[in-house]
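S.K.: Here is what each chain is made of, one letter per residue.
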Amino acid sequence: MSARRRVAVALGACALLAACRSGDSLLQAGNDAPPASSTAPPPTAAPGETLAPTTTAPRATTTTTPLASLPPCPVDALDDVTQPVQITFWHAMSATNETALAQLTDEYNASQSKVRVRLENQGGYKQTLDKYVQSSQANRPHVVMLPEYTVQQMADSDSVIPIGACLEASGYDTSPLLERALRTYQTEGVQWSMPFNVSVPVLFFNASAFEEAGLDPADPPVSLEELRAAAQAIVDGPGNRVGIAFDSGVDSGGGWFIEQWFARAGVPYADNDNGRSAPATRVLYDGELGVELLSEVQSLILDGLAVTVGDNPGGQDALLKLADPQQPAVMTIATSAAIGTVKSVLDGGLIPGITSEQLGIGPMPGPGDVASAIVGGASLYIVADKGDAQAAAAWDFIQFLISAQSQSTWAAATGYIPISEDALELDPIRTTYATDPRFKVAYDQLLAGPSEATRLGPVIGPMLEVRTVTAGAVAAIFNGADVATALRDAAAQANALIAAYNARN
Amino acid sequence: MSDDRVTTFDTPTGWRAVGRYGLLVVVSVIVLFPVYTTVIAALKPGNKVLVNPLVPDAFTLDVFRDAWNEGSLGRYMLNSIVVAVIVTVAQVVTSVMSAYAFAILEFPGRDVLFLAFLATLLVPVEATLVVNRQTIDSLGWLNSYQGLTVPFLATAFGTFLIRQVFLTLPRDLRDAAAIDGVGHLGFLRHVAVPLVRPTIGAMASLAFLSTWNQYLWPNLITTENDMNTLQSGLRVLSQSSGVDRPNLVMAGVIIAFLPIVVVLLVFQRQLVRGLTSGGVKG
Chain A
21 MSARRRVAVA
31 LGACALLAAC
41 RSGDSLLQAG
51 NDAPPASSTA
61 PPPTAAPGET
71 LAPTTTAPRA
81 TTTTTPLASL
91 PPCPVDALDD
101 VTQPVQITFW
111 HAMSATNETA
121 LAQLTDEYNA
131 SQSKVRVRLE
141 NQGGYKQTLD
151 KYVQSSQANR
161 PHVVMLPEYT
171 VQQMADSDSV
181 IPIGACLEAS
191 GYDTSPLLER
201 ALRTYQTEGV
211 QWSMPFNVSV
221 PVLFFNASAF
231 EEAGLDPADP
241 PVSLEELRAA
251 AQAIVDGPGN
261 RVGIAFDSGV
271 DSGGGWFIEQ
281 WFARAGVPYA
291 DNDNGRSAPA
301 TRVLYDGELG
311 VELLSEVQSL
321 ILDGLAVTVG
331 DNPGGQDALL
341 KLADPQQPAV
351 MTIATSAAIG
361 TVKSVLDGGL
371 IPGITSEQLG
381 IGPMPGPGDV
391 ASAIVGGASL
401 YIVADKGDAQ
411 AAAAWDFIQF
421 LISAQSQSTW
431 AAATGYIPIS
441 EDALELDPIR
451 TTYATDPRFK
461 VAYDQLLAGP
471 SEATRLGPVI
481 GPMLEVRTVT
491 AGAVAAIFNG
501 ADVATALRDA
511 AAQANALIAA
521 YNARN
Chain B
492 MSDDRVTTFD
502 TPTGWRAVGR
512 YGLLVVVSVI
522 VLFPVYTTVI
532 AALKPGNKVL
542 VNPLVPDAFT
552 LDVFRDAWNE
562 GSLGRYMLNS
572 IVVAVIVTVA
582 QVVTSVMSAY
592 AFAILEFPGR
602 DVLFLAFLAT
612 LLVPVEATLV
622 VNRQTIDSLG
632 WLNSYQGLTV
642 PFLATAFGTF
652 LIRQVFLTLP
662 RDLRDAAAID
672 GVGHLGFLRH
682 VAVPLVRPTI
692 GAMASLAFLS
702 TWNQYLWPNL
712 ITTENDMNTL
722 QSGLRVLSQS
732 SGVDRPNLVM
742 AGVIIAFLPI
752 VVVLLVFQRQ
762 LVRGLTSGGV
772 KG
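These protein sequence lines are chains A and B, in that order. Everything in the first sequence is counted per the numbering used here, starting at 21 for the first residue and increasing by one. Everything in the second sequence is counted per the numbering used here, starting at 492 for the first residue and increasing by one.
Source of the hints: derived by calculation from the structure; they are not laboratory data. Even for Gly, the Cβ is constructed at its ideal location relative to N, Cα and C. Some hints could be false.
[Unchecked claim] So the derived label-pair ranges between C-beta atoms look like this:
#, chain 1, residue 1, chain 2, residue 2, range
1, B, Leu-514, A, Ala-512, 45 to 51 Å
2, B, Gln-759, A, Asn-129, 45 to 51 Å
3, A, Gln-252, B, Asp-553, 45 to 51 Å
4, B, Pro-544, A, Asp-100, 57 to 63 Å
[Stated by the list, open to error] Here are the computed lysine to any residue pairs in the SDA-like style, where the Cα-Cα straight-line distance is at most 25 Å:
#, chain 1, residue 1, chain 2, residue 2
5, A, Lys-134, A, Leu-98
6, A, Lys-146, B, Asn-704
7, A, Lys-134, A, Lys-406
8, A, Lys-406, B, Trp-632
9, A, Lys-406, B, Gln-625
10, A, Lys-146, B, Glu-617
11, A, Lys-406, B, Asp-628
12, A, Lys-134, A, Gly-191
13, A, Lys-406, B, Arg-624
14, A, Lys-406, A, Leu-98
15, A, Lys-134, B, Asn-716
16, A, Lys-146, A, Thr-119
17, A, Lys-146, B, Ser-563
18, A, Lys-146, B, Leu-620
19, A, Lys-406, A, Gln-173
20, A, Lys-406, B, Ser-635
21, A, Lys-146, B, Ser-635
Working from the sequences, and respecting the hints, build out all of it.
M.R.: Laid out in structure tokens, this is it:
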């Protein structure tokens, strides 16, 4: 009874975007030796224009941990198969994103006769990670989708064939792929997984309410000063509206967004170059920048310009706050992976009074005047010891998923960022980006970031646990706690978690 | 004797009656509210669900068909029924047999053994979850009916419940049967079980309900959608279709709880009688 009722209430209450947020999480894992990169703030692409990669450094699969010591990738093992090879793919997509993934998979299965992929939805990133960790190798799938905060953990698990081995064995040309996306999934020079669904946080706003408050929907706030001014205008404007809804969710405002802000400011979030030149031993978010940023957010809330929606389970509460009949927020920050689903919800007429045309998308506001972002979302791992033909089949499927055409289709349906630059030349994303610039905001934002270690976000073994601790502090700060104290206490707990993890691995 | 008190409880008069029924109404509203919102949401077309969410101003049954088809609820219901029936039957058999041993038989170490049995009630499910999952994994029973049922085939609670009613059986009954040459199995089958049938019925319906409502365990040990039970299948439905169609999920929830409503209605009397028979017999 109670379980059933809980399901019912949870569903009844929201039903909105469970999926979307599951779409993104954080950052990544480390690679060392960041490329000698252009450090000048990269240009923002004009609509329709593709930015050139911001660095000229060598790409992905390089050196430090020799690939030779890791499981090889038998890329040719499919050549001789006579029966179709069955492989299982654990994923965490939901709603519109799951539909799009199923369509791509069907297309792949129909396009050739050697591989049959079976999708198994594991119900979210965390559940996928839990099941993966708890299962014996025999019960693991052939391909698994895991978010960027698991890279260190997966690298330490000795259970996967690094994608770098497949790239090398098949001579795959990675030059069309976004370097920052690839680098996100490297540690010690090894490309562990292949980015597939890449997302960044963006600003969702109600464009009509923007206009009514005298703001220009074509020019949403980018810096925190502009954000405060816009929120003030909204509060002073018509209706009982509040400027922006923040949340303290682990995979959003309580963790991921903070990491985004540090990377945008070019300040390391963890020591040892964000954990990229050596395993991180402590977090640095209780320093000057952290206190400054969270004090600003806290004052927005205390001044009545912003509200907090709490821990934002499933990612939907912050977005639903835009549709709150009593006191709607006009802006919120959420993952770009939610754009497709939000549009489809609005087109379905589910939310009274807001149509999908009124949905505005802007870059995520943050420190400084250049909106850049680090990679979130998830990547694909090939599980080791499952047979050569199966590994080769997995690699073949992954190549299909990251092909320019697949990425074009995928990005247009979901709001994820195409990881192949060639995808931008192909429909449907070419048309989508040209006709609906909202979808391109995330792409431009991702490319605006340089690839130095501090700009790629932290790599920490127990990333999820650290984020949970951080989110607790953020929640307390939103509710009025002393910023410096809360961050210092959380950092101490996080450092203990990191020390325990490093001692185990 | 106690009848007098019960009677005065049952017939409050005047303001006391108003107060009592008023309280009952308030509590009922609180309890039924989630059920009400679920039903209303399930009966509305998708684009009306969030408009006046508490008012049944539009009506459709299509969504039940969609939920059944898109959510594979038929397959999940089959799994739930198979699992719940296996667990219920097994729990009744194992509980009756072990309860008989603890209540009627006499053997060295019986009471210590029984205490050990009871002690397992003190271990929270969560404490054994991970280990149980690893065991099932190493047996190769993930995504199988064995995995879904075997950990629940015996329960200390059932043993305890039935042992308590067996203890109330007069010793003379067993002695008389023994003189007539009836063995333990014969006594169990022809005398003991028929006498405690209400308690067994109560235990069986509790076992059925708790198995039907399991969520965590099926979720943990299924990685293939086809082996979901209804409760874990609803999660799949809510994530795949539920995001932009909340009414679909509500319809799924209703489909999932109809079978236990039936079970409850059928067994309600036994449930109440069986659970209270130990305390107020006479």
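S.K.: Hint check: Lys-146(A) vs Glu-617(B), CA-CA at most 25 Å. Holds or violated?
M.R.: holds, 18 Å
S.K.: Taking 25 Å as the top limit, are the C-alpha atoms of Lys-134(A) and Gly-191(A) close enough?
M.R.: holds, 21 Å
S.K.: Does Gln-173(A) sit within 25 Å of Lys-406(A), going by the straight-line distance between their CA atoms?
M.R.: holds, 20 Å
S.K.: Return holds or violated for the Cβ distance of Leu-514(B) and Ala-512(A) against the range 45 to 51 Å.
M.R.: holds, 50 Å
S.K.: Need the status of pair Lys-406(A), Asp-628(B): alpha-carbon distance at most 25 Å?
M.R.: holds, 16 Å
S.K.: Given the hinted pair Lys-146(A) and Leu-620(B), is their alpha-carbon gap at most 25 Å?
M.R.: Judged against 25 Å, a Cα distance of about 17 Å means the pair holds.
S.K.: At the C-beta level, are Gln-252(A) and Asp-553(B) separated by a distance inside 45 to 51 Å?
M.R.: At roughly 47 Å between Cβ atoms, Asp-553(B) and Gln-252(A) fall inside 45 to 51 Å, so the hint holds.
S.K.: With a cut-off of 25 Å on the C-alpha distance, tell me whether Lys-406(A) and Ser-635(B) pass.
M.R.: holds, 21 Å
S.K.: CA of Lys-406(A) to CA of Trp-632(B), is that 25 Å or under?
M.R.: Satisfied, since the Cα-Cα distance of roughly 18 Å is no more than 25 Å.
S.K.: Is the Cα-Cα distance between Lys-406(A) and Leu-98(A) 25 Å or less?
M.R.: holds, 14 Å
S.K.: Taken at face value, is the distance from the CA of Lys-406(A) to the CA of Lys-134(A) at most 25 Å?
M.R.: holds, 16 Å
S.K.: Can you confirm whether the C-alpha distance between Lys-146(A) and Thr-119(A) stays at or below 25 Å?
M.R.: Distance ~20 Å between Lys-146(A) and Thr-119(A) Cα, so the pair holds.
Hint violations for this structure: none, all hints satisfied.
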